[in-house]
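> With the hints as extra help, turn the sequences into a complete structure.
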Amino acid sequence: MSHPAEGAGAAVEARGLEKWYGALPAVRGVDLSIAPGTFLTIFGPNGAGKSTLLRMLCGAVRPTRGSVFIGGEEIRNTEDEGWRRRIGLLSHQAFLYPGLSAAENLDFFARLYGLADRAARIEAGLRDVGLWERRDDRVRTFSRGMQQRLALARTLLHDPEVVFLDEPYTGLDPHASAMLRQVLDRLKDGRRTVVLVTHNLSQGLEQADRVAVQVGGRWMSDEPAGDIDPATWERVYTGRVAAAA
Amino acid sequence: MAAYLAQAWAVARKDLLLEARSRERFVAMATFAVLVAVVFSFALDPGVRASTIAGAMLWVTVLFAGTLGLGRAFALEREADALTGVLVSPIPRGAFYLGKLAANLAIVTCVELVIFPVYALFFGLRYAGALGGLAIVVVLATIGFMALGTLFAAMAAHSRLGETLIPILLLPLLIPVVIFAASATQRLLVGRPFSEIESSVRMLLAFDLIFLFVCTAAFGAVMEE
Amino acid sequence: MNVPVDENASLAGTRRWSVGLGFLAAIALVWGFWMIFFYAPTEREMGIVQRIFYVHVPSALVAYLAFGIVALCSLGYLWLRDERLDAISVCAAELGVIFATIVLVTGPLWGKIAWGAWWVWDARTSFTLLLWFIYVGYFVLRQATEDPERGKRFAAVLGIVGAVDIPLIHMSVQWFRTQHPKPVVLKPEGPTAAPEMVQTLLVNMLALTLLFFSLLLARYVVERLSRRIDAARVAAQLRPAA
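Protein chains in written order, with numbering that gives the first Met the number 0: chain A, 0 to 244; chain B, 0 to 224; chain C, 0 to 241.
Just so you know, the hints here were simulated from the structure itself, not pulled from any lab data.
Here are some of the chain B residues that sit facing chain A, going by a computed Cβ distance under 7 Å:
| hint | residue |
| --- | --- |
| 1 | Ala9 |
| 2 | Glu78 |
| 3 | Ala79 |
| 4 | Thr83 |
| 5 | Val87 |
Taking CB as the label site, the calculated pair distances span:
| hint | chain 1 | residue 1 | chain 2 | residue 2 | range |
| --- | --- | --- | --- | --- | --- |
| 6 | A | Gly46 | C | Gln173 | 53 to 59 Å |
| 7 | B | Arg22 | A | Gly71 | 47 to 53 Å |
| 8 | C | Ala231 | B | Leu204 | 50 to 56 Å |
| 9 | B | Phe193 | A | Gly71 | 56 to 62 Å |
| 10 | A | Ala118 | B | Thr51 | 55 to 61 Å |
| 11 | C | Pro107 | B | Ser198 | 29 to 35 Å |
| 12 | C | Leu224 | A | Ala241 | 34 to 40 Å |
| 13 | A | Ser220 | C | Gln236 | 22 to 28 Å |
| 14 | B | Gly123 | C | Thr41 | 53 to 59 Å |
| 15 | B | Arg159 | C | Gln173 | 35 to 41 Å |
| 16 | C | Leu23 | A | Gly15 | 41 to 47 Å |
| 17 | C | Ile47 | B | Phe121 | 48 to 54 Å |
| 18 | C | Leu224 | A | Ala123 | 55 to 61 Å |
| 19 | B | Ser21 | A | Ala123 | 27 to 33 Å |
All values derive from a computational prediction rather than experimental measurement.
Every residue gets a Cβ at the ideal spot worked out from N, C-alpha and C, and that includes glycine.
Right, here's the structure in full:
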């Protein structure tokens, strides 16, 4: 796996990122730079501030201090939302309306993104996740795995350059997990940047180009995936988490 | 601007589609409003001529029924946390607000279309001579009501107190709407000419424009995580 | 994007100002109360109860001043996200509610004699009552969120919306009903009341304004210190865990 020069033309960059909830720190000073086309996995125990970090990177949570850049453009809470078109967020929550059908959900989000060729994109998206036949059924009637596949179609609808994944496997059965993994594998096309956050060591290691560990709101380690031996990784990880405590 | 309105429309369309399917807010609000009318007719002394206080009764009913519905306005955004999906999308916060406002307006207007005939039926009110004037007063007052209501409903959805917060915050701020709408309605109902309520209508219009602007601008500060 | 705040900056200067203003306020209050009881003449029509007006009117003006400060600091907070502006807003809102309560209590005491009823829905009484409710709502809203930062933001939005609504409420209640005694001192064409009355009012106005700023600064110091204590307590809890 080749790594383009760090910093220059980074897909995602963060400087001195901090988030405090009142006097409680969630993220305490994270600097990172992700080259385009990289698949970065961030591991960490519960309460490590991974989700908060991810949500700051995609502009859903405002940092207490520090700044985030998407493709060199600084994230701000202004009306200039160009960078928002370049990102997608998939979480363990589906971000869908259970009272609408699959197609209506995608149509709503396509309108928010101002996409011109809505019908074609919706059809392609639904076929991609194998839900075309169920397009007119309410999302309320979908199983957890189907909802998550539809959520994936929503995330990729506007063809984002950067995809953020926040514990996407939570609550999925093995079959649905395998299906999700297949689609995520296809995201690794060398062009798209993916940031995956998870506490589950069995997911996200084999796809990653780069692996980081976050504990207690701090960045503990950050290394190319090639340096990691999957056989000993669990022991190494547990050691790092214990050392941080 | 066209893109801004298209995004606002997408939000309103989605809310109305959901409401058209479940009808949960409309049914709850309309039932509540009719019940308030029933309660009024039993609570009032038979000696009182209802037509002399109809303006007040109508607007108290609209206000309470509307507040009831506002509590649900953001519930559907939170069900599967669709709100986060909307917030990471490129929709300006102001457009999101205007979309929610438009849907709330449409639903409350439907409820008003039930309230006014029911009051006419129960209390023998006659709107025939003043339909145009009444329509103007109702539309302007409802816009002002929902402009503030949508903003506070969004706050309430993110708070521990939830829907109970809405009337506490909203009612004192809506006193100008109540004063101008109730008095104008009352005058129209007793057959006064429109020229007599012109100043009230102007005040309602001013209230609407001011709060449409302020709330659209302030919505970003409410929606941020 | 965010203004860094030196959380350990000394508040001693602010405290000294508060104590200094407090001394001045105490002197002015003693002087003002002496004037109320021994200097100002008894009003011919309303009698002795009219003297409550020297507390009633300055309290109302101080309450309006407080709500003005809340609005400005709320706007500043949403813009700069400076904790200090939020702290000033809270303190000013608290004092505003207290002074508005004084207005709402002294008003009926006077009204019972002058109007023959404890409560009359005249324009200015209704207006003050509505203000009181808006700013009580301000505190309910602050307490109602899990995340304190969100509570501050919401309260700031209410501070601004409330301030924008105040002129409209004022106009509407004015239009609705006016029974309140017209201003006799602050009329554009010059005061018509006895000069002793005017002097008494102005001294009391000065006294309550000084008292307000002294209390505001004192309350501000307490607010900042209590936030530091909260932060330190959380930090102490985190240390053994992290």
